[in-house]
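Protein sequences, first through last, are from chains A and B.
Counting with my numbering, you get residues 106 to 923 for the letters of the first sequence.
Counting with my numbering, you get residues 3 to 305 for the letters of the second sequence.
Just so you know, these hints were derived from the structure itself, not from any lab.
Treat the hints with care, as some may be off.
Calculated lysine-lysine pairs in the BS3-like style (CA-CA distance at most 27 Å, straight line) [unchecked claim]: (1) B/258 <-> A/721; (2) A/667 <-> B/258; (3) A/330 <-> A/476; (4) A/362 <-> A/330; (5) A/738 <-> A/235; (6) A/476 <-> A/417.
Chain by chain, the residues run as shown.
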Amino acid sequence: MKKFIFIFSSIILPFFIYSQNNITISGYVDESESGEKLIGATIYDLKSGKGTISNDYGFFSLTLPKDSVKIRVSYIGYVTQIFEDYPISDVNQNFSLNDQMLEEVEILSSKEELVHQKSEMSTVDLSMDKVRALPALLGENDIMKTIQLLPGVQTGSEGTSGLYVRGGGPDQNLILLDGVPVYNASHLFGFFSVFNSDAINSTKLVKGGFPARYGGRLSSVIDIKMKEGNLKKFHGQGSIGLIASKISLEGPIIKDKTSFILSARRTYLDILAKPFIAANQRRQASKGSGDGNSSNTGGYYFYDFNGKVNHKINNKHRLYLSNYMGRDRAFLDAIDSYNQDSSFGVDTTKSQLRWGNIISALRWNYMPSNKVFINTTLRYSKYDFLIAFGNSSTQTTINQNNTSSTVNQNFNYAYISNIEDWSGKIDVDWMPNPDHLVKFGIGDIYHTFTPGVNQFQLTDSTTSLDTSFGAVIHYAHEASAYIEDDWTVNNSLKGNAGLHYSTFFTGNKQYSSLQPRISLRYLIDSKSSFKMGYAKMGQFLHLLTNSGIGLPTDLWVPATEKIKPQFSDQIAAGYARTFNDKIEVSLEGYYKTMDNLIEYKDGASFFDSQTDWQDKVHVGRGWSYGGELLIEKKMGKTTGWIGYTLSWTNRQFDSINFGQSYPYRYDRRHDIGIAITHEINDRINFGVVWVYGTGNAVTLGLESYSSFNSSLVNDISNFNLNPSPFGFDQDNANVSTVNHIDSRNNYRMPAYHRMDVSINIKKEKKWGERTWSFGLYNAYSRQNPFYLQFTRNENGNPQLSQFSLFPLIPSFTYSFKF
Amino acid sequence: MKKLFFLLSVSLIYISCEKVIPFEGDLNTPKLVVNSIFESDSIFKVHISSSRSVIDISPFQNIEDAVVKIKDDNGAIIETLNHLDNGFYAGQVFPEQNKTYQLEVIHPNYNNITSTDSLPIPITINSVDTSTIVDPINDNRLQIILNFDDPESSQNYYLIETSSVNEKLVIENSDTLEYELDTILNQTMILTDEVFQDGGSPFREQGLFNDLLFNGQNKNLELEIPNEEYWNFSDGSTEWSYKRLSLTLYLHNISKSYYYYRTSLELYQNASGNPFAQPVQVYSNIDNGFGIFAGSQVSYFNL
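Chain A extracted, bound-state conformation (with noise of 0.2 Å):
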């Protein structure tokens, strides 16, 4: 008992030990022009040498000695500020930092934290300039695009959004919008990611020693938070390009109290394309006969809006409430009406793909004192997708005897599955003293989970029948908590170790984990460090999916009492460098395990509707390990980075390749993202990225061989081990050619690489400023491998053909802000 009090106390007395004498310093870090919070700015008091990092709302608090101060406050891209005061007791102080481009004087140097200063490791904040000012595919810029290019990260297929982030797969990443968990990113079968960039305030990417507040996926974190809106002044900004036009507004409702903002985004091929449709119809209709008429339309687009508003009720209470939209809608139409003999009457046919996110967020901060800041917030996340396919047929018949018969016939068919979450959760931030900074908080998420129901109606004359089969719904509660504590243990070590409990109920199973997370950093001298750190993540989630590239047809399904949790355990060393106050450099190795991976059985396809998913899968294992190089520049006239991947992956099925490990499908020796972007005047900047990586590994049956399907032979003398495919000439053998596959994706497709370019040009205008932005998507036309497939050539021999998506594809946008 004795040791227990040593420990207990030993472990809870720092925290107090600045209690006595000692003052502390609150509030908020913003933007001045817009009230915009900025997340991660430094508080750095300069007499003491003790500093904090602004919270996700923009808050700080820093505990001192009772002295004078001089605090530094600074946030990259932003003009410094100098705060002195000889404060008696605690301050209040919030902090307006000027964006440097409305200076005279160009401040040169960032003093934001450096990497080799952070405790935290495998992490890469991106900042939203960087990614506007970066090509993208057809003009549409894209955080989930930018992330790919980072070392550690790896691209699905061409032009797809899909994550895949060391060794893991695309479910593996916990992509939250402003706290919530969004579950299919894509727009377009993945070529676009759900989120609007002009919505967006900041975004960070956690590839390992995740701190101990995130939980429920293995892989990755991609928390990116929208903007809150300008609370000062009305402003718009919004853009026009080859497939897509978007628009935000943002400004206060009372002024510096309550604000929004509003984005939407919608593409127009499907309306584009009508004009020629139309005129195509009337083409056909004039060379028509006269008796009958058809007609079609579909089309494809997708839209999203994004809304959030923000009031500061006091200086201790802000409420937010932010929603996200996001449809995509395929359809064809088809009307046929007819006039034959002595029947008339019109058949429609109607059928769509559809797949979209809901997200909702309310929550409240809440800062009972000046060193404790709470967030409680009430969450809603809903994915649905649908296929549905309609006819209906009216036919009236003109009887002999003058007479007429109308008959009516319906039939509905729709295919659908969706994933709803309710949940809330309370985090509290507790800065007793500038050497800790505690987190710690509850959550609970109620999911509902219709992975494929089957729904079909009929109605005839004689027939109604209205049924609905496949659905097997599953509710599960996920229930979490965790402690952390940002430790600043002396000059040269900080630490940041936590536990997340988190537990699972799912039918009559209860699930549970507690998983330890630490990251530490060592500072070698002033410009270096060595870091390293220890994740244990868990997932209760599985996705299914047969493409791996993010198709909406992917289901989401939970853990069940046949099917367990997937669980990983990652160790990740590395070392940080900075040179000059510029350029900094982190090389990483990490090794991770992840178990209870699911993958569909040999044969099995999503098409097969009368199966219970659970009997369609194997579970095995994966393992992942590898090496990351990032050289980064942020500030100057010529920023970017240059990042380098070495890495290994596979996955291990009992029963699957028959017990032996395999490369996973996306197992990269080698990957290389270049993302650079140069200014050469205020007005004019250039943008380039460069991309490379091994080709992805797929099956293929590289031999053929003869098998018997009986082992019946009688007749050998007449045998045939080359029958004709096209007759059952020999009846004593049924012979057939199998491609002999050597193991699981055993097969190397050509590695991948592309540029893309990109040139803004700005000019300010009486209303604002507007930008015409040109690029260039795979600049030197690399085709690409997509997919591998055996054809036939012109003589009938097989050869192995590659197919490719995207040659060059020029782009332009022209964007406005006012």
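Position chain B against the provided structure of chain A, taking the given hints into account.
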């Protein structure tokens, strides 16, 4: 249709390019392929052929000049098989139940191949009960309940199949053009028993199952055969009419290797051509080569 094409070409304007790329598989090292199932009621019979690269278009070759040896589990030669015809080799020895046999094939142009398997024990069919399921919509079906004892000692793998002898008539405009006795191997069965619940269609010509659910117990295996006694189909003017005269049920107790081979082959054939299905690896127990060398013990029952 034109409109659909137009729509597709607008939306997929950038999707296109196909390019032939060099094939990096091995083109020049074909391997020996074995197809051999040994049963206690017949001598060892082995078919040997050679494999080829998938992009090779030359026909598959029977291998007629290989040395094919059957050995016991100590490696002692039992017999060397003689080539009969078209790549088939046969000997004079009948395999014995519960014994393990080794196959060795030597050919100067190929790597030597070996394989090992044993012959399971026969299963006694205790009884077969039949009844008719009256179904006015889908025609009547013959329901069969096959009763047998599963041996407790080991995990067992089974294959059930049928053959039937039928009277076949070809009728055109009420005139019988043709009459013959037609033997149909592997008539379609409806397999709804719990042992077949692997997600596939219940309509199968052969049923593969194992004793995971009834190890060491007495098993009543239920199956149905469509078209109780008569069936016919026609193309408008010609009618083919069948009358079943006899039906034989075969219950094979097969080795684990054969079970793996057959189940994977069945999956392979079902998945072939479906771009959304996971590719299937066909099992082989031949070292350095392809194919199967496996024991199967058959019991049958005439209805």
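Hint check results:
1. B/258 <-> A/721: holds (22 Å)
2. A/667 <-> B/258: holds (26 Å)
3. A/330 <-> A/476: holds (23 Å)
4. A/362 <-> A/330: holds (20 Å)
5. A/738 <-> A/235: Measuring from Cα to Cα gives roughly 11 Å; hence the hint holds.
6. A/476 <-> A/417: holds (19 Å)
In the structure shown, no violation is registered for any of the earlier numbered hints.
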